[in-house]
Amino acid sequence: MERGAAPSGAGLPRRDLLGAAGALGLSAFLAGCGVGGSGATGAEGSGKGTIRALFMKQAGYSEDDITKMTAGFHSANPGITVKTEFVSYEALHDKIVAAAPAGTYDVVLIDVIWPAELGSTRVITDVTRKWPEAWQREMFAGAVEVPRYGSRFYGVPWILDTKYLYYNDAHARRAKVEAGELDTWDGVLRAARAIKAAGVTRYPLVWSWQQAEALICDYAQLLGAFGGRFLDPSGRLAFNIGGGVRALEFMRRSIVEGLSNPVSTQSIEEDVRRIFSAGQASLALNWTYMAAQANDPRQSGVAGDVKVLRTPSGPGGRPGVNGSMALAISASSKQRAAAWKYISYLVSPPVQDRYAVSSLPVWTRSYDEPQVIRANPVLVPQAKRQLGDLIARPQVRSYNAVSQLLQSEIQKALLGQKTPQKALDDAAHRAEDLL
Amino acid sequence: MTGMAIATRIRRRIRVPTLTGTGTREVRFAIALLLPAALVVFGVVIYPVGRTLVLSLFGVDSAMPGHYPFVGLRNYAKAFTDPAFYPVLWHTVYFTFVSTALELTLGIGVAMVLNAPLKARWLWRSIVVLPWALPTIVDGALWRWIYNGQYGALNGLLSTLHISHTDHQWLGSPFLALNMVIVADVWKNTSIVAFFVLAGLQTIPHELYEAARMDGAGPVRSFLRVTLPLLRPSIAVVLILRTIEAFKVFDIIYVMTGGGPASGTQTVAFYTYQQAFSNQLFGYGSALAYLIALAVFALAMVYLRILRQGAMAGVR
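Keeping their order, the protein sequence lines are chains L and W. For what it's worth, my numbering labels the leading residue of the first sequence as 1, then goes sequentially. For what it's worth, my numbering labels the leading residue of the second sequence as 1, then goes sequentially.
These are computed hints drawn from the structure, not numbers from a lab. Any given hint might turn out to be false.
[Claimed, not checked] Straight-line alpha carbon distances no greater than 30 Å define the calculated BS3-like cross-link-like pairs of lysine-lysine that follow:
| hint | chain 1 | residue 1 | chain 2 | residue 2 |
| --- | --- | --- | --- | --- |
| 1 | W | K78 | L | K422 |
| 2 | L | K384 | L | K68 |
| 3 | L | K95 | W | K78 |
| 4 | L | K418 | W | K78 |
| 5 | L | K95 | W | K248 |
| 6 | L | K57 | W | K248 |
[As the list claims (entries may be wrong)] Computed beta-carbon distance windows for the label pairs:
| hint | chain 1 | residue 1 | chain 2 | residue 2 | range |
| --- | --- | --- | --- | --- | --- |
| 7 | L | D232 | W | P83 | 23 to 29 Å |
| 8 | L | V378 | W | W124 | 35 to 41 Å |
| 9 | L | A170 | W | G66 | 57 to 63 Å |
| 10 | L | A98 | W | A38 | 23 to 29 Å |
| 11 | W | F97 | L | A198 | 55 to 61 Å |
| 12 | W | A293 | L | R385 | 53 to 59 Å |
| 13 | W | F29 | L | A76 | 56 to 62 Å |
| 14 | W | W90 | L | D232 | 52 to 58 Å |
| 15 | L | L231 | W | A300 | 46 to 52 Å |
| 16 | W | A293 | L | H429 | 29 to 35 Å |
[Claimed, not checked] To be clear about the criterion: a stretch of chain L counts as covered by chain W if any three or more of its residues have a C-beta under 8 Å from a C-beta of chain W, and this derived list gives those stretches:
| hint | segment |
| --- | --- |
| 17 | 96-103 |
| 18 | 119-132 |
| 19 | 210-219 |
| 20 | 260-268 |
| 21 | 407-414 |
In this text, all values refer to a predicted model and were calculated from it rather than measured experimentally. For each residue, glycine too, the CB sits at the ideal point set by N, CA and C.
In isolation and in its complexed conformation, chain L is listed as follows (with noise of 0.2 Å):
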């Protein structure tokens, strides 16, 4: 077509301006209809029918075990079907967020650090009158805290984790280094430079310090050994005094010295996992699962010789990470007689002591079982030991912008690009308008 006779469509007629104007603005006008949108509202339900819950995909209970506890709720609850979706944890929080209006889920995971966003925002419901008195004495302490925010329970705990500190009691050996001095985090240090001295591995230690929120796990535990908090008696934050600066100052020394595998601000838990399990790592900081697959011949190089041990104290103690879940109901879900069932089946000792392999119970008297001991024997008497003394991170509306804040500045702290200090006083700065 010749230019000449090229219409005017070319460009943006005022016509056709007009009539997107206006197409907007009548959309604009549907949408302000109300703002929040028009979403499903929860009921309890008949008890009976479908009910769909949400799980993640690594750590904790595998997709198998949790099929299996599902088709044991079957047998005992013949008038529910659940059906199960599994994310990674990665997108577990956005997904449940997403499809909260929708009232897609009846059932969600929740990780410990959200039943105060979840709650506030009324994306999970208040069970507080569900809960059995006899649970806040029969469950470990830091398992009660998980879901609670304030005086109220949104959900019921039901993964209750931390970190261990694991080694390669062959490397150990080749470098002379005695289990006991892996008891302190300088001790760990140590060992770790004679490890390396010794040519064992070229970098003894691996950590999960993506820019993620496993980062904030592994950061939590050295700050509690250090003996700084995240927030002071008035609930400012507190994580660039003391302890706080102490912590991230031993991470980056461990850097700066070779003994850190520099991989480690690119790796979550399951990188960690796969050097060590490989053998390329002497020494790591992992959750309950890394247990049982790095000592599974089938997965790991390093079958036999993965030993655990507590976190390592500091001068402010030997606090272990609490990275728990909790198992909540959506505001939303219109099945939430049937979805407490579901929950209290999967959380029952019974249920939880069967599946102790993959993840360890929430209820203190397991821990004397045989069958939870027999399941996980290299854990379970550390496990006994350090679930009594868990710290939390904050539980504050606005965690997830706190945190991501806080990685950012980590992560450049550990890069060298800012000093510890400098850092967190950053971190702390911009962090406080978010509380």
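Starting from the known structure of chain L, fit chain W onto it as the hints suggest.
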């Protein structure tokens, strides 16, 4: 708008001088055919656009229905006072400029090769299109593995070739990581650029090259004086499309780096997603989404302007 009004408007558009009974039936039939598409466009494009606009004017801080305060343009103002916004804007502009430039340069080269009289040309063309056919999530996971500083294939290759025995941390520092993500993006998207350019190359008459050769032009001169000028329409189209796509980059960042290290690979789209879904700041996230939309709209205007100026002559 009433059915008659729409009919009148369509009549005007298609320049039907008078409507006979048959004409009216045709118009109604046309409307009936257009209606499903119009409803879909309204439902999946126009309504969300309007709703996002409304949300951006309110302090919405939950995914759930409720009453939220009207904040006017404060969410937009917040973007420009947010200290995290300018670094992510810079990362986005850098990503857009470098990835588009590389994809264009390499895409022209690949297209020239694919246009040459090669044996089994269909096979080469099929191979070249493969990276583009891969889902971005797979592409991101693939390159994350290649770049891994501990067991990655790139370090393995460099070591095997005795080029370097150091474990390079390709995603370990912010600026390097941003560039490595660009490489992954270029690997995937060069093929689509190449195919656009290849389509343009095939419209150039062979006689022009013969005439140029008879006038004493060598291959370089032929390329500069014949090929490039005649490729301008294709290049302009693909340049603008890739620029817009690169500006909206999200998925490859999400998979490869999660925005790290030290927030060095966060882009505007990633930051918007994080604010809206991870932090439940839907009002602020909507304002950021609108700013992205405005930037994309501005780029689209440039595209239309180039069209109008005749650089795209023959391409409509």
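Chain W over the segment 210-219 of chain L, status - at least 3 residues with CB closer than 8 Å: holds (count 3)
Given hint W:K248 paired with L:K57 - CA-CA distance at most 30 Å: 29 Å, holds
Given hint W:K78 paired with L:K95 - CA-CA distance at most 30 Å: 26 Å, holds
Consistency of beta-carbon spacing, W:A300 to L:L231, with hint 46 to 52 Å: 48 Å, holds
Coverage assertion for the segment 96-103 of chain L with respect to chain W, Cβ distance below 8 Å, three residues required: With 4 residues closer than 8 Å to chain W, the segment 96-103 of chain L meets the three-residue bar; holds.
30 Å Cα cutoff - pair L:K418, W:K78: 26 Å, holds
Satisfaction of hint between W:K248 and L:K95, Cα-Cα up to 30 Å: Satisfied, since the Cα-Cα distance of roughly 21 Å is no more than 30 Å.
Chain W over the segment 119-132 of chain L, status - at least 3 residues with CB closer than 8 Å: holds (count 3)
Status of the given 29 to 35 Å range, CB of L:H429 versus CB of W:A293: Given about 32 Å between the Cβ atoms, the range holds.
Beta-carbon spacing of W:F97 to L:A198 - inside the hinted bounds 55 to 61 Å or not: 49 Å, violated
Cβ separation of W:W90 and L:D232, checked against the hinted range 52 to 58 Å: Once the Cβ atoms are compared, 35 Å apart, the range 52 to 58 Å for L:D232 and W:W90 is violated.
Hint check for W:G66 and L:A170 - Cβ pair distance inside 57 to 63 Å: Roughly 58 Å apart at Cβ, these two residues keep to the hinted range, so it holds.
Hints 8, 11, 14 from the earlier list are contradicted by this structure; the remaining hints agree with it.
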